[in-house]
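In order, the protein sequences belong to chains A and B.
Position one of the first sequence corresponds to residue 1 (the numbering used here), numbered consecutively onward.
Position one of the second sequence corresponds to residue 1 (the numbering used here), numbered consecutively onward.
A couple of the hints might just be wrong.
Covered by chain A, per the in silico footprint, the following chain B stretches (three or more residues, Cβ under 8 angstroms) [unchecked claim]: (1) 98-109; (2) 174-184.
So, partial list: chain A residues that the calculated Cβ filter (under 8 angstroms) puts toward chain B [to be verified]: (3) H308; (4) A312; (5) K315; (6) E422; (7) Q432; (8) D434; (9) V478; (10) A480; (11) V484; (12) Q543; (13) A545.
Don't read these hints as lab results, they were simulated from the structure.
None of these values were measured; they are calculated from a predicted model.
Idealized CB from N, CA, C, for every residue including glycine.
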Amino acid sequence: MPIRVLEQSVAAKIAAGEVVERPASVVKELVENSLDAGASQVSVETRGGGVSLIRVTDNGSGIPPGEIETAFDRYATSKVSTIEDLDSIITFGFRGEALPSIAAVAVVEIVTCAAGESAGDLVSLQNGAVVEHRSEGHARGTTVTVRDLFRSVPARLKFLKSTTTENSHIARVVSECALAFPEVRFALAIDGRSVLRTPGTGQLIESAIEVYGLQVARDLLDIKGSDDTWQGGNATAPPVVTGMVGSPGLSRANRDYLSFFVNRRSISSRSLAWAVEEAYQGMLMTGRHPVAIVNIAIPPGEVDVNIHPSKAEVKFRDERTVFTAVQRAVRGTLVEMAPVARIEDTTATYTTPPASTRQLWGTVPTDAGATALPMETAHTPIASLPALRVLGQLDSTYIIAEGPDGLYLIDQHAAHERIVYEKARRQQEQRQTDVQGLLEPVPFEVGPRQDEVLRSGYRQLEEFGFAIEPFGDRTYLVRAIPAVLDGKDWSAMVRELIDTIIEGGGDNWSEDIAVTLACHSAVRAGQTLSDEEMRELIRQLEQAAMPRTCPHGRPTVIHLSSRQLQKEFRRI
Amino acid sequence: MKLSCTQENLNRGLGVVGRAVAARTTLPITNNVLLATDESRLKLVATNLEMAISHWIGAKVEEEGDITVPARLLTEFVSSLPSDKVDLSLPANSKTLEVTCARFEARISGVDAKDFPPIPKVSEGINTRVEVNHLRQGITQVVFAVATEESRPVLTGVDAMFEGDLLTLAAADGFRLAVYKLPLATPVSEKTEVIIPGRTLAEVNRLMGDDEEVIDITVNPNKSQILFHMKNTELVSQLVQGTFPQYSQLIPQSSSTKVVVDVAEFLRATRTASIFARDGSGIVRLVATPGSGELTTGKITISARSEELGDDVGEIDATVEGEEAKIAFNGKYIIDVLSVLREKQVVLETTNPSSPGVIRPVGVDNYTHVVMPMFVQW
Numbered sequence: 001m002p003i004r005v006l007e008q009s010v011a012a013k014i015a016a017g018e019v020v021e022r023p024a025s026v027v028k029e030l031v032e033n034s035l036d037a038g039a040s041q042v043s044v045e046t047r048g049g050g051v052s053l054i055r056v057t058d059n060g061s062g063i064p065p066g067e068i069e070t071a072f073d074r075y076a077t078s079k080v081s082t083i084e085d086l087d088s089i090i091t092f093g094f095r096g097e098a099l100p101s102i103a104a105v106a107v108v109e110i111v112t113c114a115a116g117e118s119a120g121d122l123v124s125l126q127n128g129a130v131v132e133h134r135s136e137g138h139a140r141g142t143t144v145t146v147r148d149l150f151r152s153v154p155a156r157l158k159f160l161k162s163t164t165t166e167n168s169h170i171a172r173v174v175s176e177c178a179l180a181f182p183e184v185r186f187a188l189a190i191d192g193r194s195v196l197r198t199p200g201t202g203q204l205i206e207s208a209i210e211v212y213g214l215q216v217a218r219d220l221l222d223i224k225g226s227d228d229t230w231q232g233g234n235a236t237a238p239p240v241v242t243g244m245v246g247s248p249g250l251s252r253a254n255r256d257y258l259s260f261f262v263n264r265r266s267i268s269s270r271s272l273a274w275a276v277e278e279a280y281q282g283m284l285m286t287g288r289h290p291v292a293i294v295n296i297a298i299p300p301g302e303v304d305v306n307i308h309p310s311k312a313e314v315k316f317r318d319e320r321t322v323f324t325a326v327q328r329a330v331r332g333t334l335v336e337m338a339p340v341a342r343i344e345d346t347t348a349t350y351t352t353p354p355a356s357t358r359q360l361w362g363t364v365p366t367d368a369g370a371t372a373l374p375m376e377t378a379h380t381p382i383a384s385l386p387a388l389r390v391l392g393q394l395d396s397t398y399i400i401a402e403g404p405d406g407l408y409l410i411d412q413h414a415a416h417e418r419i420v421y422e423k424a425r426r427q428q429e430q431r432q433t434d435v436q437g438l439l440e441p442v443p444f445e446v447g448p449r450q451d452e453v454l455r456s457g458y459r460q461l462e463e464f465g466f467a468i469e470p471f472g473d474r475t476y477l478v479r480a481i482p483a484v485l486d487g488k489d490w491s492a493m494v495r496e497l498i499d500t501i502i503e504g505g506g507d508n509w510s511e512d513i514a515v516t517l518a519c520h521s522a523v524r525a526g527q528t529l530s531d532e533e534m535r536e537l538i539r540q541l542e543q544a545a546m547p548r549t550c551p552h553g554r555p556t557v558i559h560l561s562s563r564q565l566q567k568e569f570r571r572i
Numbered sequence: 001m002k003l004s005c006t007q008e009n010l011n012r013g014l015g016v017v018g019r020a021v022a023a024r025t026t027l028p029i030t031n032n033v034l035l036a037t038d039e040s041r042l043k044l045v046a047t048n049l050e051m052a053i054s055h056w057i058g059a060k061v062e063e064e065g066d067i068t069v070p071a072r073l074l075t076e077f078v079s080s081l082p083s084d085k086v087d088l089s090l091p092a093n094s095k096t097l098e099v100t101c102a103r104f105e106a107r108i109s110g111v112d113a114k115d116f117p118p119i120p121k122v123s124e125g126i127n128t129r130v131e132v133n134h135l136r137q138g139i140t141q142v143v144f145a146v147a148t149e150e151s152r153p154v155l156t157g158v159d160a161m162f163e164g165d166l167l168t169l170a171a172a173d174g175f176r177l178a179v180y181k182l183p184l185a186t187p188v189s190e191k192t193e194v195i196i197p198g199r200t201l202a203e204v205n206r207l208m209g210d211d212e213e214v215i216d217i218t219v220n221p222n223k224s225q226i227l228f229h230m231k232n233t234e235l236v237s238q239l240v241q242g243t244f245p246q247y248s249q250l251i252p253q254s255s256s257t258k259v260v261v262d263v264a265e266f267l268r269a270t271r272t273a274s275i276f277a278r279d280g281s282g283i284v285r286l287v288a289t290p291g292s293g294e295l296t297t298g299k300i301t302i303s304a305r306s307e308e309l310g311d312d313v314g315e316i317d318a319t320v321e322g323e324e325a326k327i328a329f330n331g332k333y334i335i336d337v338l339s340v341l342r343e344k345q346v347v348l349e350t351t352n353p354s355s356p357g358v359i360r361p362v363g364v365d366n367y368t369h370v371v372m373p374m375f376v377q378w
């Protein structure tokens, strides 16, 4: 094939892919335009995961009539004129790519009315070309309606995730903006349901209540000296760190609750996340992550936001200073303001080991004989366990038992998890769950993103013994729980389940439910067991279908054969 | 400081305050016990910051003073001493307490009493008195129902409503509710509702001696602390802040079946069934059948089954009024409530398999226990 210059429409679609990756990116670009226009109210409406409809309405400055069509030209912007301006960027947009990119892959209609104009203007575009331009009444501000997103780019459409996933991304984008701009009133409606509504009072805590719910917001601490500087977009060096962080008692199973802003631009940064987690060192259990909303106010020249097509990542001129500032501010807040820990029994929480560490499990620190166990497990995948005699407990975590051929060490939590998991699965299949009623129905509140997930799957929770039903906005009512969770914190279990599903994509609810249920109701590591309890645990493990691994795939039993022992003691 | 007392008194006193010594703490001094002269007595104090116990024993005081020393060390040492006179002395400007008894001598390094957390004074506020045997029974019959996990902190406490000459204690853990009413010896001036940590009340129950008749209770004006004043002992505790659920609406007002049954027999049958229920989440199934005629009384069968172990059925005589009823409970909850009742018979009221069951002792009307059933297939 000869080398040719691409047709403009093809080139535009390819370029659009960089900026508009998924419906949520369209929402992000449009909302940022609204914020750049100085809007104090932004409302977002989406349907069909953002593919059928995205409509963003604001009361910002609007676009003057003569400039509307130009706005859809590539590299047309009102925010930058010379290259030097890039050093003092305080607006979100500046490259002039968003509107043309969206117009290249969707049907766009814009109605706008600039300040001082008597009537508004309507422009519609298809395939990046203007098909209509006429007068249309509109209050001050701009409404952009995007329809049939990616309809002309089937390849992209094919790669979109389920509607639920796309909705949760949209909810996340709007939530982030709502946190960054507490003084702006945000409203988000997904498929006609009101999902988020912030009051726009300028108080970060009020936005946090709407986004994360009262239960989380209650445990948030103001970062020291952050009372007035959250608003500041153009501070001087050194960087000023503001926002809120969760008290150490508040932790989550993933990093979804870490929000970072640089001059109120939402960014993702592994190293900032790391800086915050470092500040929590020793206060959180391994595998748990903090909740934080952190803004870094820094002179625009100190940061390059132009390294990522959708500006999701930024580069700092002096990274070290920024990270130190974040870490110091968070740590200082925690040390000074964290409530004194109450005197209570602490129990260990189980967390899923990352896949990379799995092969480490089961390694006995001996050389030659060490491989014996994993091989045995591999040869007999559904190996039943021999009859074991309990000898004692080690570290309040492992049961030591004697079998026909040597010593067995059993991880009490993993073993119990396996037992509960199989039982939960069996009961679910036979529709015979053990259910304990609650004395009074308990309301269960979730954030917008969690709500999207829970709404799509709460019925599956019922198969495992929960009686749960939607109860107004982002609230569910729980009337009964699985009997195995009696006396356990079932709400923590459901929250962790939702987080797991957000992380994993949510294609296998019932498996995720069974695993989380087992994890939360199983006996903890660190819990002292009586001889009788240990015998009972072993007896039930012997009857399990797959007694050798826990539902996460970790081994439940380590076997040191008599032969291995003899070898170690140089008896043979 | 220089004083002497008997080994028995000191040993008993250390045992009394010992329960308030912090077990695991970030504030090391709370592992210590405070010893202070108080006129002609020795005051012992321990606190875990949530609760503080002070106890006074008779002593011959020669020189005033105070010091704190590691509680466990002192307690273990004193308990191993012979029954004799114990001399405690703290040389001026020293932090080492010298303990002498018969031919034993010990020197224990202490920490200045000034560093000991101040024990809150609760002198003003709502004041009342309760007879010890009433309070003891009340605590016993509700405290087991407090929540053990802390996701809803108010439920880890017992709701205490002082009104006129009546005290209503209530505890709930999300699955069951226990409400006990007892008379106050001195009426309160105004209606007051506070939530007392379950651990505190369990401790009060332990501290109330057999030789005492009434106990003095004071709640401070901003309802953050409560003081239990006994003959030689004072217990001050933080109160749980928050609003206790409106529990009166959780008590069913009507029922379709009333079963009157002997407590001891009911308890035995439930315990027996629980052995088989261990595998199956503790599910114990009750079937109450009314008698067929005037002469035959009704019966209640109590059964449990396990997939692997087998099953068991027990039957006891009962007076059954109303329709035949089937309901399943967690056996533990039934055992918990039946074990603390003093009365001979109870009445169990049910409406349907998914509505709460109510247990009340026969012959008194001051106790109500509500248990949520388990939903099972019959």
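Each hint, compared with the structure:
| no. | hint | in the structure |
| --- | --- | --- |
| 1 | 98-109 | violated (count 0) |
| 2 | 174-184 | holds (count 4) |
| 3 | H308 | 40 angstroms, violated |
| 4 | A312 | 36 angstroms, violated |
| 5 | K315 | 41 angstroms, violated |
| 6 | E422 | 11 angstroms, violated |
| 7 | Q432 | 6 angstroms, holds |
| 8 | D434 | 4 angstroms, holds |
| 9 | V478 | 10 angstroms, violated |
| 10 | A480 | 6 angstroms, holds |
| 11 | V484 | 6 angstroms, holds |
| 12 | Q543 | 7 angstroms, holds |
| 13 | A545 | 13 angstroms, violated |
Going through the hint list in order, the structure does not satisfy hints 1, 3, 4, 5, 6, 9, 13.
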